[in-house]
Amino acid sequence: MKNDKNSIINNQITFFQKEITISRKRGCYVITEEILKEIPEIKKIKIGMMNLFLKHTSASLIINESYDPNVLIDLNNYLDKNIPDDESWYFHNDEGADDASSHIKNAFFGHSLNIPITNGSLNIGTWQGVIFCEFRNMKSDRKIVVTIQGSV
Amino acid sequence: MKNDKNSIINNQITFFQKEITISRKRGCYVITEEILKEIPEIKKIKIGMMNLFLKHTSASLIINESYDPNVLIDLNNYLDKNIPDDESWYFHNDEGADDASSHIKNAFFGHSLNIPITNGSLNIGTWQGVIFCEFRNMKSDRKIVVTIQGSV
Amino acid sequence: MKNDKNSIINNQITFFQKEITISRKRGCYVITEEILKEIPEIKKIKIGMMNLFLKHTSASLIINESYDPNVLIDLNNYLDKNIPDDESWYFHNDEGADDASSHIKNAFFGHSLNIPITNGSLNIGTWQGVIFCEFRNMKSDRKIVVTIQGSV
Numbered sequence: 001m002k003n004d005k006n007s008i009i010n011n012q013i014t015f016f017q018k019e020i021t022i023s024r025k026r027g028c029y030v031i032t033e034e035i036l037k038e039i040p041e042i043k044k045i046k047i048g049m050m051n052l053f054l055k056h057t058s059a060s061l062i063i064n065e066s067y068d069p070n071v072l073i074d075l076n077n078y079l080d081k082n083i084p085d086d087e088s089w090y091f092h093n094d095e096g097a098d099d100a101s102s103h104i105k106n107a108f109f110g111h112s113l114n115i116p117i118t119n120g121s122l123n124i125g126t127w128q129g130v131i132f133c134e135f136r137n138m139k140s141d142r143k144i145v146v147t148i149q150g151s152v
Numbered sequence: 001m002k003n004d005k006n007s008i009i010n011n012q013i014t015f016f017q018k019e020i021t022i023s024r025k026r027g028c029y030v031i032t033e034e035i036l037k038e039i040p041e042i043k044k045i046k047i048g049m050m051n052l053f054l055k056h057t058s059a060s061l062i063i064n065e066s067y068d069p070n071v072l073i074d075l076n077n078y079l080d081k082n083i084p085d086d087e088s089w090y091f092h093n094d095e096g097a098d099d100a101s102s103h104i105k106n107a108f109f110g111h112s113l114n115i116p117i118t119n120g121s122l123n124i125g126t127w128q129g130v131i132f133c134e135f136r137n138m139k140s141d142r143k144i145v146v147t148i149q150g151s152v
Numbered sequence: 001m002k003n004d005k006n007s008i009i010n011n012q013i014t015f016f017q018k019e020i021t022i023s024r025k026r027g028c029y030v031i032t033e034e035i036l037k038e039i040p041e042i043k044k045i046k047i048g049m050m051n052l053f054l055k056h057t058s059a060s061l062i063i064n065e066s067y068d069p070n071v072l073i074d075l076n077n078y079l080d081k082n083i084p085d086d087e088s089w090y091f092h093n094d095e096g097a098d099d100a101s102s103h104i105k106n107a108f109f110g111h112s113l114n115i116p117i118t119n120g121s122l123n124i125g126t127w128q129g130v131i132f133c134e135f136r137n138m139k140s141d142r143k144i145v146v147t148i149q150g151s152v
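Chains as they are written, first to last, in the numbering used here: chain L, 1 to 152; chain A, 1 to 152; chain Y, 1 to 152.
One or more hints might be untrue.
Identical chains share a label here; the pair holds if one copy fits it or two copies do between them.
What the hints assert, rightly or not - Quick list of in silico lysine-lysine cross-link-like pairs, DSSO-like style, CA-CA up to 27 Å:
| # | residue 1 | residue 2 |
| --- | --- | --- |
| 1 | Lys44 | Lys25 |
| 2 | Lys37 | Lys139 |
| 3 | Lys55 | Lys37 |
| 4 | Lys143 | Lys55 |
| 5 | Lys139 | Lys43 |
| 6 | Lys81 | Lys46 |
| 7 | Lys139 | Lys46 |
| 8 | Lys25 | Lys143 |
| 9 | Lys81 | Lys37 |
| 10 | Lys81 | Lys139 |
| 11 | Lys44 | Lys139 |
The hints are simulated quantities; they were obtained by calculation from the structure and are not laboratory data.
It should be emphasised that the depicted structure is a prediction, and the values quoted were computed from it without experimental measurement.
Let the hints inform the model, and build the full structure from the sequences given.
Written out as structure tokens, the structure is:
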């Protein structure tokens with residue numbers, strides 16, 4: 001492996017971590033800019049990775065289209081049709097009809113993203129954005145651990 | 001980027017790897033403590049990431065609620081209802097009626113987790129746990145590669 | 001943490017990044033060898049991680065069985081049956097009947113893989129492979145950012 005522009009060996013490696021909070025009502029939303037505003041540290045990373053880890057089991061983080069809002073409406077409608085609230089066979093309904101369905105949606109969509117960083121920016125596609133989905137009816141504060149690692 | 005408590009530049013960076021084995025009958029189980037017992041090395045990491053990589057295509061690792069066992073029962077029932085064994089149109093059934101369904105469940109739930117480490121502990125939510133799902137009827141040994149990286 | 005064969009502290013750490021292109025018609029395909037051919041740099045990594053990040057929202061990267069092609073046929077049929085093209089309730093259909101369904105499939109299957117590297121090779125199971133799924137009818141060039149980090 002050469003120490004060229006694509007490869008950095010044993011230069012300054014950094015690990016950076018920060019907790020941020022997101023809050024939305026039920027639905028899916030593009031939050032790329034809201035996250036980037038919180039982590040100006042990313043601009044110093046030449047080659048690296050960013051992990052976003054949502055500390056909750058009834059909301060999700062995904063990557064999907066950030067341009068046409070209809071994509072997120074279709075996505076949310078698909079979830080509601082195929083993982084409906086209030087199925088008679090759900091056992092976990094302590095916190096209401098949207099309780100079990102939220103955990104199942106979370107298991108499918110996940111809680112964590114790993115995004116490459118190149119020359120101080122997220123290296124994502126033109127139409128890609130970071131999407132936050134709130135599955136509960138009640139809006140609440142959702143914590144995300146941001147971990148950045150890379151060469152500076 | 002300052003070299004403060006949230007950010008460590010060019011201090012001692014460690015990469016650690018270990019293979020562990022999990023074995024359960026069909027269903028979903030919280031295995032957070034079982035995994036942590038195998039990797040005391042995590043206690044020395046100040047800021048880092050842990051990757052768990054399951055080396056199999058008919059079982060899964062996810063993060064979901066660790067408190068109420070009913071969540072995992074609902075989750076497993078949802079999978080069995082929506083990705084049923086023994087569909088007439090499955091081609092891959094060499095190893096039985098649970099063969100194709102197991103691979104499809106694995107494609108949806110995935111095989112790999114990335115969890116932030118902060119001050120020697122997994123930085124997960126109060127109600128989150130590492131969940132192992134066995135999709136085959138037959139219990140067998142399932143290998144997980146643990147990779148820890150971070151500043152010590 | 002000891003500086004034994006499983007753990008490397010503050011030796012030479014490398015971050016390497018490269019963009020590669022994959023192109024297939026609609027369906028799911030094993031692409032492990034095609035990717036490895038593009039990144040001979042992996043052979044120098046003792047302990048590390050590889051991230052593959054697909055820069056598109058209507059195709060996916062997953063890990064699944066690489067041996068029996070019927071597994072991928074069943075997987076693809078399951079997707080087409082359960083996330084059908086051309087539902088009357090889809091709003092996002094600017095680019096055809098396969099537009100909304102592709103984004104929904106992508107949300108479920110994801111865009112990114114994290115694979116452990118051990119002694120210069122991907123540390124995956126015997127039957128595991130990297131699978132690329134194209135969800136659009138039209139074949140097009142799909143970019144993948146490869147990020148390798150680890151001890152050399």
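Hint by hint, which ones does this structure get wrong, listed from lowest number up?
Numbers 1, 5, 6, 7, 9 and 11 - these are the hints that the structure violates, sorted from lowest upward.
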